[in-house]
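Trainee: With the sequences and hints as input, model every part of the structure.
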Amino acid sequence: MDLVTISSNLLFVSFVAYLVATLFFGGAIKKSKTEKAYHNSKWGTIGLIITIIGFLTHLGYFFTRWAASGHAPLSNMFEFTTAFGMMLVGAFILLYIIYRTPSLGLFALPVAIIIISYATMFPRDVTPLIPALQSKWLFIHVITTVIGESILAISAIAGLVFLVKNIDMTKKSKQRFWIEAVMYTLILVLGFVVTSTTFKVMNYEAEFTYIDKNQEPAEITYHVPPLFGMNEYEAMTPDAMTPFFELPPIINAQKMSTLVWSLVVGSVLYIILRLIARKPIAAVFQPLARKANSQLMDEIGYRAVLIGFPVFTLGALIFAMIWAHEAWSRFWGWDPKEVWALITWLFYAAFLHLRLSRGWEGQKSAWLAVIGFVIIMFNLIAVNLIIAGLHSYA
Amino acid sequence: MSNIKCQCGHENPFGTELCEKCGRPLSEKAKKSDIVDMRYEGSSRRSQTYSSSIIDKIWNFFSSVKIGVSIIAAVLIASAIGTIFPQKFYVPATTDAEYLAYYERLYGTVGKLYYQLGFYDMYNSWWFKILVGMLGTSIIIASIDRVIPLYKSLKKQRTRRHPSFMKRQRIFGEGEIVNTKESLDNAEKKLKDFHYNIKREDGAILAEKHRFSRWGPYVNHTGLIIFFIGVLLRGIPGFYVDETMWLREGETRNIIGADGYVLENRGFILENYTKEEAEEVFGAALDKVGSVVKNYQTDVTLYKKKDGALPGSDDLEKMKDYSIVVNKPLTFNGYSVFQMDYKLNELSTMTFHLVEKTTEKSLGEFTVNLSNPEKEYDLGNGSTVDMLGFYPDYDGIKDGEPYSKSPIPNNPAFIFQMNTPDKPEGEKSFIAIQQTLEVEENDYAVKFAAADTRNISGLTIRKDKTLYILLLGGLVFMIGVIQGMYWQHRRIWIQEDSEGHLLIAAHTNKNWFSLRKELDKLRESADLPAYIDRQDPELDKLEQEGDENIWT
Numbered sequence: 005m006d007l008v009t010i011s012s013n014l015l016f017v018s019f020v021a022y023l024v025a026t027l028f029f030g031g032a033i034k035k036s037k038t039e040k041a042y043h044n045s046k047w048g049t050i051g052l053i054i055t056i057i058g059f060l061t062h063l064g065y066f067f068t069r070w071a072a073s074g075h076a077p078l079s080n081m082f083e084f085t086t087a088f089g090m091m092l093v094g095a096f097i098l099l100y101i102i103y104r105t106p107s108l109g110l111f112a113l114p115v116a117i118i119i120i121s122y123a124t125m126f127p128r129d130v131t132p133l134i135p136a137l138q139s140k141w142l143f144i145h146v147i148t149t150v151i152g153e154s155i156l157a158i159s160a161i162a163g164l165v166f167l168v169k170n171i172d173m174t175k176k177s178k179q180r181f182w183i184e185a186v187m188y189t190l191i192l193v194l195g196f197v198v199t200s201t202t203f204k205v206m207n208y209e210a211e212f213t214y215i216d217k218n219q220e221p222a223e224i225t226y227h228v229p230p231l232f233g234m235n236e237y238e239a240m241t242p243d244a245m246t247p248f249f250e251l252p253p254i255i256n257a258q259k260m261s262t263l264v265w266s267l268v269v270g271s272v273l274y275i276i277l278r279l280i281a282r283k284p285i286a287a288v289f290q291p292l293a294r295k296a297n298s299q300l301m302d303e304i305g306y307r308a309v310l311i312g313f314p315v316f317t318l319g320a321l322i323f324a325m326i327w328a329h330e331a332w333s334r335f336w337g338w339d340p341k342e343v344w345a346l347i348t349w350l351f352y353a354a355f356l357h358l359r360l361s362r363g364w365e366g367q368k369s370a371w372l373a374v375i376g377f378v379i380i381m382f383n384l385i386a387v388n389l390i391i392a393g394l395h396s397y398a
Numbered sequence: 107m108s109n110i111k112c113q114c115g116h117e118n119p120f121g122t123e124l125c126e127k128c129g130r131p132l133s134e135k136a137k138k139s140d141i142v143d144m145r146y147e148g149s150s151r152r153s154q155t156y157s158s159s160i161i162d163k164i165w166n167f168f169s170s171v172k173i174g175v176s177i178i179a180a181v182l183i184a185s186a187i188g189t190i191f192p193q194k195f196y197v198p199a200t201t202d203a204e205y206l207a208y209y210e211r212l213y214g215t216v217g218k219l220y221y222q223l224g225f226y227d228m229y230n231s232w233w234f235k236i237l238v239g240m241l242g243t244s245i246i247i248a249s250i251d252r253v254i255p256l257y258k259s260l261k262k263q264r265t266r267r268h269p270s271f272m273k274r275q276r277i278f279g280e281g282e283i284v285n286t287k288e289s290l291d292n293a294e295k296k297l298k299d300f301h302y303n304i305k306r307e308d309g310a311i312l313a314e315k316h317r318f319s320r321w322g323p324y325v326n327h328t329g330l331i332i333f334f335i336g337v338l339l340r341g342i343p344g345f346y347v348d349e350t351m352w353l354r355e356g357e358t359r360n361i362i363g364a365d366g367y368v369l370e371n372r373g374f375i376l377e378n379y380t381k382e383e384a385e386e387v388f389g390a391a392l393d394k395v396g397s398v399v400k401n402y403q404t405d406v407t408l409y410k411k412k413d414g415a416l417p418g419s420d421d422l423e424k425m426k427d428y429s430i431v432v433n434k435p436l437t438f439n440g441y442s443v444f445q446m447d448y449k450l451n452e453l454s455t456m457t458f459h460l461v462e463k464t465t466e467k468s469l470g471e472f473t474v475n476l477s478n479p480e481k482e483y484d485l486g487n488g489s490t491v492d493m494l495g496f497y498p499d500y501d502g503i504k505d506g507e508p509y510s511k512s513p514i515p516n517n518p519a520f521i522f523q524m525n526t527p528d529k530p531e532g533e534k535s536f537i538a539i540q541q542t543l544e545v546e547e548n549d550y551a552v553k554f555a556a557a558d559t560r561n562i563s564g565l566t567i568r569k570d571k572t573l574y575i576l577l578l579g580g581l582v583f584m585i586g587v588i589q590g591m592y593w594q595h596r597r598i599w600i601q602e603d604s605e606g607h608l609l610i611a612a613h614t615n616k617n618w619f620s621l622r623k624e625l626d627k628l629r630e631s632a633d634l635p636a637y638i639d640r641q642d643p644e645l646d647k648l649e650q651e652g653d654e655n656i657w658t
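Heads up: the protein sequence lines correspond to chains P and U, in order.
Position in the first sequence counted from 1, then plus 4, gives you my numbering.
Position in the second sequence counted from 1, then plus 106, gives you my numbering.
Since the hints were made in silico from the structure, they are not lab data.
Watch out, some of these pointers could steer you wrong.
[Claimed, not checked] Listed below are the simulated BS3-like cross-link pairs for lysine-lysine, each with C-alpha atoms no more than 25 Å apart in a straight line:
1. K569/U to K410/U
2. K434/U to K341/P
3. K287/U to K627/U
4. K40/P to K569/U
5. K204/P to K394/U
6. K341/P to K218/U
7. K341/P to K235/U
8. K140/P to K571/U
9. K140/P to K434/U
[To be verified] From the structure, some residues in chain P lie toward chain U, with a derived Cβ separation under 10 Å:
10. F248
11. F249
12. P252
13. P253
14. E330
15. G337
16. P340
Every residue, glycine too, gets a C-beta built ideally from N, C-alpha and C.
Mentor: Rendered as structure tokens:
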């Protein structure tokens, strides 16, 4: 077996470990009859051990891939997103050892699992580095940013536990609507994973020619059945389905088709789950969040921002500027990725001012943490895939 | 406005809520409140004291955290809008009409609106700059408004506080203790173990630690201001150079923006990853994308003009040979030269034969240097070729004349006059690529024989004296953030009042939970009255209801 294969296998082991560990954290919550039992649950300890094993194999994936390619595996969407999932788990392990709250694990691990599955939908080939990325700063800048973002993500997860626990799911309210919207979004990501995997297994491919935004002829390969066609498309694969709509040249109809497929599949998935549960998904999770201590969740959420914010500043702004100056000759160029890093930073600056100076704690703070996570995800997903810029390495 | 004199004799500035020295409530508000607002020690903040003049109003506006957060939100939203469509500097256009056409063609009506509202150049728009300026102003004013009075109050605070101050603290307890002296001694010892600084005067203890963390926010704001100053300084000539130049292989030219320095391009290299070197690992990826660039490199020699050399003279002193690659700029004397762009295979020379049409016999050949063509080419056997016209980027005939759309030899065309012993008066011929025009049938012709090409390196020259200021700003910011976030300023007051009761009060700027834990430990080793936290956060109460049935 070569290193790349070993590396993929290790990643698969961590994936399975996180799945199993989630069940144990669920058990820890179900089985504890007192707060003391909840914090010292054997189930929780087993869950922790399995998570640590998963984290170690995850690190194994990281370093074997590094050894195989000769550069830190942080250079494309798959590698970056996988590292994000890894650091999220790392941050969780640390917090679990300090606070021993199984509820956090029950939410953090599934989010990590969703993130890793999302990552594996991107090309997993080991790619050589383009000249701009050939620098020691690739590792320094990206790993610091990933660590910062995953700590900030932990704050959102603590916020989520707080909200699922404290929002009254029996009465109609804005908060109930939005917490359910968060759940729905997470299921949509699963919809994307299911869609991509299904068509990948079926080996679906359809080629089209089209006219791009610079009025030049171009080609594109769909990996999902084309609901939407590119500008002035013509099918090259004979039995490809005819798209329902033709889109203007600035929109990538292939990505649009994938998005709509994911929305449809995700929504169907959501409806099925709702039919089985006969209540909002957030309400399904509520009993599992019940035993978490609100004050502790608020505290974890806040501390995560306290730690994540400086790390993020260092990685995503300071190191980023130093490298940008070396590679692109300017430390700041209003590239969309840079702007969104600044937006993330401004957002958490506002979060801290509101909390420290205006006393936004509890629910307000939890919602802000969730919004912060949405911004981070937007920068990771939308800015890479939709808004073209210097950072589009996917 | 006059000072307020406290009963303890201390003169406080107008607007003070709590006496700087003994803590007695001075304002009506403070006297009425159960728990006094300790955020800035009840000191006299300008923004809370004056509001009559226009300057007061501006000051009060910018010192508000609410306004500060609103400005942050505005900058955030404006920045986000700026990423919806590509910004001006990423658009291949030069005139306003071209920009408008670009946005309208690609993004329709929304794109047109985006252009018309000025969002296409968001970060250079006057109102974006004003927003950032307001943010800077807010940071400065809000900090000054708080840090000075806070510093003064903390400096002037007395060990023994007035009971009315103690009673209005969030954490407070009082009671009769058997042996106050012993309690105070034990407390002092234990507090020292907790790394508190202790001040003691007859029957009163002030234990304080980590006061420096109170300055964290102001330190990090100072860092941001230093950063802003650095950015502003780039407007001053000499602080900042940003130029680009195209340098052809073999060319030696003055470096734009760096007077006295000359750069020679010894060759440009573009390398792709080859399948041989990376078959096993990168094979799959290379198959998919075709080719991946491994290296862009310009080999250069840097020269410096000798001191006292006349302008334009070639009196050069070699400084160094260097290979500029991406991520490794050439640096000298504060300047950096970056590998940014390239063009491959620009025509550099063209070689022609002069032939007699009927016999196809060559009368000799000549080579035209396209960047520096000569007027006459002597073929050495009595024949010469004169260059009557040179059109480096020929683009058809305009107004009866051949027309060149740029000085770059993308599509060179020539008008030659061929002077031969047979036809000493000369024959004229127009020559372009794949095309020859003659006014009347000639006996001789100029025939294209060969061409040489060369590559061009696109280089960026930068000098930025503000970089170290920016770096310092970043560093100070980080120090401030860590200083303010990872420590808490805690104070514990223990004192005996006139009736022999022992009073205890405590304050922290954040993390009350840990302070309470510390107090509980303190009470284990010293006989002190029980205390209450009179402002348990909402969260604690939330916790209590329904707690019983969660666990069943």
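Trainee: Does each hint hold? Answer for all of them.
Mentor: Here is how each hint holds up against the structure:
no. : hint             : verdict
1   : K569/U to K410/U : holds, 17 Å
2   : K434/U to K341/P : holds, 23 Å
3   : K287/U to K627/U : holds, 19 Å
4   : K40/P to K569/U  : violated, 62 Å
5   : K204/P to K394/U : holds, 16 Å
6   : K341/P to K218/U : holds, 24 Å
7   : K341/P to K235/U : holds, 20 Å
8   : K140/P to K571/U : holds, 24 Å
9   : K140/P to K434/U : holds, 11 Å
10  : F248             : violated, 21 Å
11  : F249             : violated, 16 Å
12  : P252             : holds, 7 Å
13  : P253             : holds, 7 Å
14  : E330             : holds, 6 Å
15  : G337             : holds, 8 Å
16  : P340             : holds, 4 Å
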